[in-house]
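Protein chains: 2
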Amino acid sequence: MKNSRRDFLQKVGASALALQLASITSWGAKRETYDGPVLRVAILGLGNYAARVADAMQSCTKAKLVGLVSGSPDKLTKWSAKYNIPAKNCYNYQNFDDIRNNKDIDAVYVITPNSTHHDFILRTARAGKHAISEKPMAINVKQAEEMIAGCKQAGVKLLVGYRMHFEPKTLEVVRMRKEGEFGKIMFFQGLCGFRIGDPKQWRLKPEMAGGGSMMDIGIYAVNGARYMTGEEPIWVTAQETKTDPVKFKEGVDETIQFQFGFPSGATASCLSTYNMNGLDKFFLNGERGFAEMQPSTNYGPIMGRTNQGELTQPATIHQAVQMDEFADIIFHDKQPPIPVDGYEAVKDLKIIAAVYEAARTGKKVSVTV
Amino acid sequence: MKNSRRDFLQKVGASALALQLASITSWGAKRETYDGPVLRVAILGLGNYAARVADAMQSCTKAKLVGLVSGSPDKLTKWSAKYNIPAKNCYNYQNFDDIRNNKDIDAVYVITPNSTHHDFILRTARAGKHAISEKPMAINVKQAEEMIAGCKQAGVKLLVGYRMHFEPKTLEVVRMRKEGEFGKIMFFQGLCGFRIGDPKQWRLKPEMAGGGSMMDIGIYAVNGARYMTGEEPIWVTAQETKTDPVKFKEGVDETIQFQFGFPSGATASCLSTYNMNGLDKFFLNGERGFAEMQPSTNYGPIMGRTNQGELTQPATIHQAVQMDEFADIIFHDKQPPIPVDGYEAVKDLKIIAAVYEAARTGKKVSVTV
Chain H
1 MKNSRRDFLQ KVGASALALQ LASITSWGAK RETYDGPVLR VAILGLGNYA ARVADAMQSC
61 TKAKLVGLVS GSPDKLTKWS AKYNIPAKNC YNYQNFDDIR NNKDIDAVYV ITPNSTHHDF
121 ILRTARAGKH AISEKPMAIN VKQAEEMIAG CKQAGVKLLV GYRMHFEPKT LEVVRMRKEG
181 EFGKIMFFQG LCGFRIGDPK QWRLKPEMAG GGSMMDIGIY AVNGARYMTG EEPIWVTAQE
241 TKTDPVKFKE GVDETIQFQF GFPSGATASC LSTYNMNGLD KFFLNGERGF AEMQPSTNYG
301 PIMGRTNQGE LTQPATIHQA VQMDEFADII FHDKQPPIPV DGYEAVKDLK IIAAVYEAAR
361 TGKKVSVTV
Chain R
1 MKNSRRDFLQ KVGASALALQ LASITSWGAK RETYDGPVLR VAILGLGNYA ARVADAMQSC
61 TKAKLVGLVS GSPDKLTKWS AKYNIPAKNC YNYQNFDDIR NNKDIDAVYV ITPNSTHHDF
121 ILRTARAGKH AISEKPMAIN VKQAEEMIAG CKQAGVKLLV GYRMHFEPKT LEVVRMRKEG
181 EFGKIMFFQG LCGFRIGDPK QWRLKPEMAG GGSMMDIGIY AVNGARYMTG EEPIWVTAQE
241 TKTDPVKFKE GVDETIQFQF GFPSGATASC LSTYNMNGLD KFFLNGERGF AEMQPSTNYG
301 PIMGRTNQGE LTQPATIHQA VQMDEFADII FHDKQPPIPV DGYEAVKDLK IIAAVYEAAR
361 TGKKVSVTV
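The listed protein sequences derive, respectively, from chains H and R. Going by full-length UniProt numbering, the first sequence opens with residue 1, and the numbers climb by one from there. Going by full-length UniProt numbering, the second sequence opens with residue 1, and the numbers climb by one from there.
None of these hints come from the bench; they were simulated from the model. One thing to keep in mind: the hints can contain errors.
As the list makes no split between identical chains, a pair holds if one copy fits it or if it spans any two.
Said to hold, decoys possible - Derived pair list, reagent style BS3-like, types lysine-lysine, alpha-carbon separation capped at 30 Å:
no.: 1; residue 1: 78; residue 2: 205
no.: 2; residue 1: 184; residue 2: 242
no.: 3; residue 1: 200; residue 2: 184
no.: 4; residue 1: 242; residue 2: 363
no.: 5; residue 1: 103; residue 2: 152
no.: 6; residue 1: 78; residue 2: 249
no.: 7; residue 1: 350; residue 2: 334
no.: 8; residue 1: 249; residue 2: 364
no.: 9; residue 1: 184; residue 2: 247
no.: 10; residue 1: 200; residue 2: 142
no.: 11; residue 1: 247; residue 2: 178
no.: 12; residue 1: 249; residue 2: 184
no.: 13; residue 1: 242; residue 2: 178
In isolation and in its complexed conformation, chain H is listed as follows (with noise of 0.2 Å):
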């Protein structure tokens, strides 16, 4: 059985999305009426996931793809013939910083793997673009915090690919939080993880991808864990298991279980692997009330419920409400409901790093983020 990442997350969400395709908005988009500017992006690697996103931004209002940037020559060609991009606004790696003197262009998506965000967003810096990086947003937090400090040197916009931020559902449970409907949080609980097919793929290369299944899907159980819950972790256990330690050769994770405690007191129970299906659940429960999420961030719908009954907020295209979402945060410093910039980044990454420290050592690890 070959899965690959999209089409798991694809499966997941299949059944549903009959049910909820045509409540699919562009949330937070006036489509008719806008008249604003138009975020220009190129996207920097041609792969599953960016055509997801190029897909996706047909969808866009405010912002639309104009480039492209990739190392292989075909691609350029049929994703240019595709998209309708003109071939002055297409570049390769070598060529790719002349994108400073392109005035057609505002921003660059770099969607490639976890070890090359750190250059490419820098170069992006230095062409004077705004970057937006897919998350995780480096290997390790110097390559982040040199990022941050890169495009900040450079004077462009940081933002991170985190989708879920700009998600109705999510969003809702969020605001519940927030307003206390759910009383004092006590616990939350994410379990991500899908069977990650192909052995040869950048993924499962530690200097590409930094990482195993935490620096994917795992991630989401980390950054959930933090909007979920409105507090950050301070100490962290984890546990890794490897089942095939061919497929997940050293610094691969293949599972982990990792477990924060916060300030409040509350706790989240969390797991990260690449070799389970079926397992996109968030839970997160206070003692008055409760939230569940299943599937709770795959590409969508997003499925959940409170205690006070079914999510009925609009399904959305994540990737093209969050490029709608980049155009006001970077043309208006919109202030987004959970932020999506370098800083957040970071305190993923820290995290993260916690984790495997925690699993290296089976220590409890303190972290301040």
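Given the coordinates of chain H, assemble chain R onto it according to the supplied hints.
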């Protein structure tokens, strides 16, 4: 808000109960045609759970409540009237040992604070009566092993009130797992908790309870991890959180997260708490399927689904089925689908001890059961 354990467990199932009440059946019992021996039971300790057992036993076919043991003359008077128990079958804790001369009683079901099981079970055995203990069977492994030895020496059976071991939806999931319908088992999750009420109750006194939530609701997660996966843990990690050190004194755990590793490489993630309501979830995940149960261990109706759909096995009165099955085990050496003997209890207690050790030391603790 003053909740008792019983109140909570009742409430959780209340709304679903109405739907399924019509289908409640004393599973495993042949109500109309039974003409075999009837297990004549005395209940020792007349508290809330004993009342539930006594009421449930009114539905039994193969077991009958015939005797009472209590330190409270008032309770003996009230209960003997309610359940039509002759005075000659009523005992206090002083004259209880005379039960050896009572030919109308076959077994004593000890439903008292955990720390007292050891003594009462041994007295029951010495009186030549079959011994039934509520769970946890004892407050430590040493006590439990002495209870097994004592019952063996006296030639009586020792059974433990593992009511879930006869619950039809639970057994269906166990059957599916045994027959490989979920594929290789990868992960079990058990979240078990309720918010305990009266701070003066024995469950919050470490010398009587032998601990805190782990020695009460937590044993459902421990035991469930074992019967759901069909494996015994080989390592344990655990993290304790205490938010209310006044109510949950030294030696009384409020909330413990714990994780198991199994020989196959499967893992478990569990939570036991006395400070959160709404936690009654099991999740079993295999390579080809899953089971979700919620509620998973309360007094029912248990509800759940697998990858094949809703579980539709009938709701039962757990305690009634348990006592009918205990009759068959005692009289006919019937082998229950999941063990309910003293050895089963020792395994749980060894694992609970490992959980406490792991929580105390912060270390991964090896366990052999």
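Verification of the hints:
1. With identical chains, the CA atoms of residue 78 and residue 205 are at most 30 Å apart within one copy only, with a shortest distance of 28 Å there and 72 Å across copies.
2. Proximity of residue 184 and residue 242 under a CA criterion of 30 Å is satisfied inter-copy only: 15 Å between copies versus 36 Å inside one chain copy.
3. For the homomeric pair residue 200 and residue 184, the shortest alpha-carbon distance between copies (24 Å) is at most 30 Å, but the shortest distance inside one copy (45 Å) is not.
4. In this assembly of identical chains, residue 242 and residue 363 lie within 30 Å of each other by CA distance both inside one copy and across copies; the values are 18 Å within and 19 Å between.
5. For the identical chains of this complex, residue 103 and residue 152 are intra-copy neighbours only, at 20 Å inside a copy versus 88 Å across copies, given an alpha-carbon limit of 30 Å.
6. With identical chains, the CA atoms of residue 78 and residue 249 are never at most 30 Å apart, being 35 Å at best within one copy and 68 Å at best between copies.
7. Taking CA atoms no more than 30 Å apart as the test, residue 350 paired with residue 334 passes inside one copy only; the shortest distance there is 26 Å, against 56 Å between copies.
8. For a Cα distance limit of 30 Å, the shortest separation of residue 249 from residue 364 qualifies both inside one copy, at 25 Å, and across copies, at 23 Å.
9. For a Cα distance limit of 30 Å, the shortest separation of residue 184 from residue 247 across copies, 18 Å, qualifies, whereas the shortest one inside one copy, 42 Å, does not.
10. Taking the shortest alpha-carbon separations for residue 200 and residue 142, only the intra-copy value of 27 Å comes in at or below 30 Å, while the best inter-copy value is 52 Å.
11. For the identical chains of this complex, residue 247 and residue 178 are inter-copy neighbours only, at 27 Å across copies versus 42 Å inside a copy, given an alpha-carbon limit of 30 Å.
12. Proximity of residue 249 and residue 184 under a CA criterion of 30 Å is satisfied inter-copy only: 22 Å between copies versus 41 Å inside one chain copy.
13. In this assembly of identical chains, residue 242 and residue 178 lie within 30 Å of each other by CA distance solely across copies; the values are 23 Å between and 38 Å within a copy.
Going down the numbered hints, you'll see the structure goes against just number 6.
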